[in-house]
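With the sequences and hints as input, model every part of the structure.
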Amino acid sequence: MCSRYSLTSPPEAVRAYFGYRDTPNFPARFNIAPTQPVAVVVRDQEGLRGFRLMRWGLLPPFVKDPKRFPTLINARAEDALEKPSFRHAMRYRRCLVPADGFYEWTGPKGKRRPFLLRPRDPPLIAFAGLYERWRDGAGDEIDTAAILTCPANRIIGPLHDRMPVVLAHQDFDAWLDVKGTVPEAALALLRPAPDDLFEAIEMHPKINDSKRDEPGIQEPLPPSLL
Numbered sequence: 001m002c003s004r005y006s007l008t009s010p011p012e013a014v015r016a017y018f019g020y021r022d023t024p025n026f027p028a029r030f031n032i033a034p035t036q037p038v039a040v041v042v043r044d045q046e047g048l049r050g051f052r053l054m055r056w057g058l059l060p061p062f063v064k065d066p067k068r069f070p071t072l073i074n075a076r077a078e079d080a081l082e083k084p085s086f087r088h089a090m091r092y093r094r095c096l097v098p099a100d101g102f103y104e105w106t107g108p109k110g111k112r113r114p115f116l117l118r119p120r121d122p123p124l125i126a127f128a129g130l131y132e133r134w135r136d137g138a139g140d141e142i143d144t145a146a147i148l149t150c151p152a153n154r155i156i157g158p159l160h161d162r163m164p165v166v167l168a169h170q171d172f173d174a175w176l177d178v179k180g181t182v183p184e185a186a187l188a189l190l191r192p193a194p195d196d197l198f199e200a201i202e203m204h205p206k207i208n209d210s211k212r213d214e215p216g217i218q219e220p221l222p223p224s225l226l
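Counted from 1, the sequence shown has number 100 at position 100 by our numbering; the numbering is strictly sequential.
FYI, nobody ran anything at the bench for these hints, they're computed from the structure.
All clues given are correct.
List time: in silico DSSO-like cross-link candidates among lysine-lysine, alpha-carbon distance up to 30 Å:
{"hint": "1", "residue 1": "Lys83", "residue 2": "Lys67"}
{"hint": "2", "residue 1": "Lys109", "residue 2": "Lys206"}
{"hint": "3", "residue 1": "Lys211", "residue 2": "Lys111"}
{"hint": "4", "residue 1": "Lys211", "residue 2": "Lys67"}
Since the model is a prediction, treat every value here as computed from it, not as a measurement.
Right, here's the structure in full:
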């Protein structure tokens, strides 16, 4: 599962790693939460990569009332091509979600312990994503996205049985190329990250508050409290 993540790298570094031609300026995000705007990389009609902002929480085109529809922040990679909410996007609307870490919690209810899963190298990673353009009855449009998940690797497993799919840099083009890469081939790219990609760092409980997103919120738990 992935319900909170971060993108704190400078815009220039994100642009260089993902290779999009836009030059957006955006702030560091330490605690990105569902329904908030998130950075997404797509392939445009010219076959080039582009930067977009989308709402985190996919709305399929068939939804009539978003208030009565669940917030789809994640999609299971194993059945994304079968589920009505995701199969259209899996065929025609695949994207990359830039990140440099995500959070997971473990422990009993009321005593959940937060952990930051941070990539060792490279510092930036790409979650495999799906997106849709939803239109309301008045014709207004909103782009919405979800992050694909897969079974957890050895490092994530003690915290949760699922993890976001991290695409290898060399697979970016294949994932984004919905015309050249058939969905079945795209599914083959959705696998657990190598065990040595992430390190797990226990966080101070203040990260639990999804409304907090300031510098310093990614404070490790002091050794005296471990």
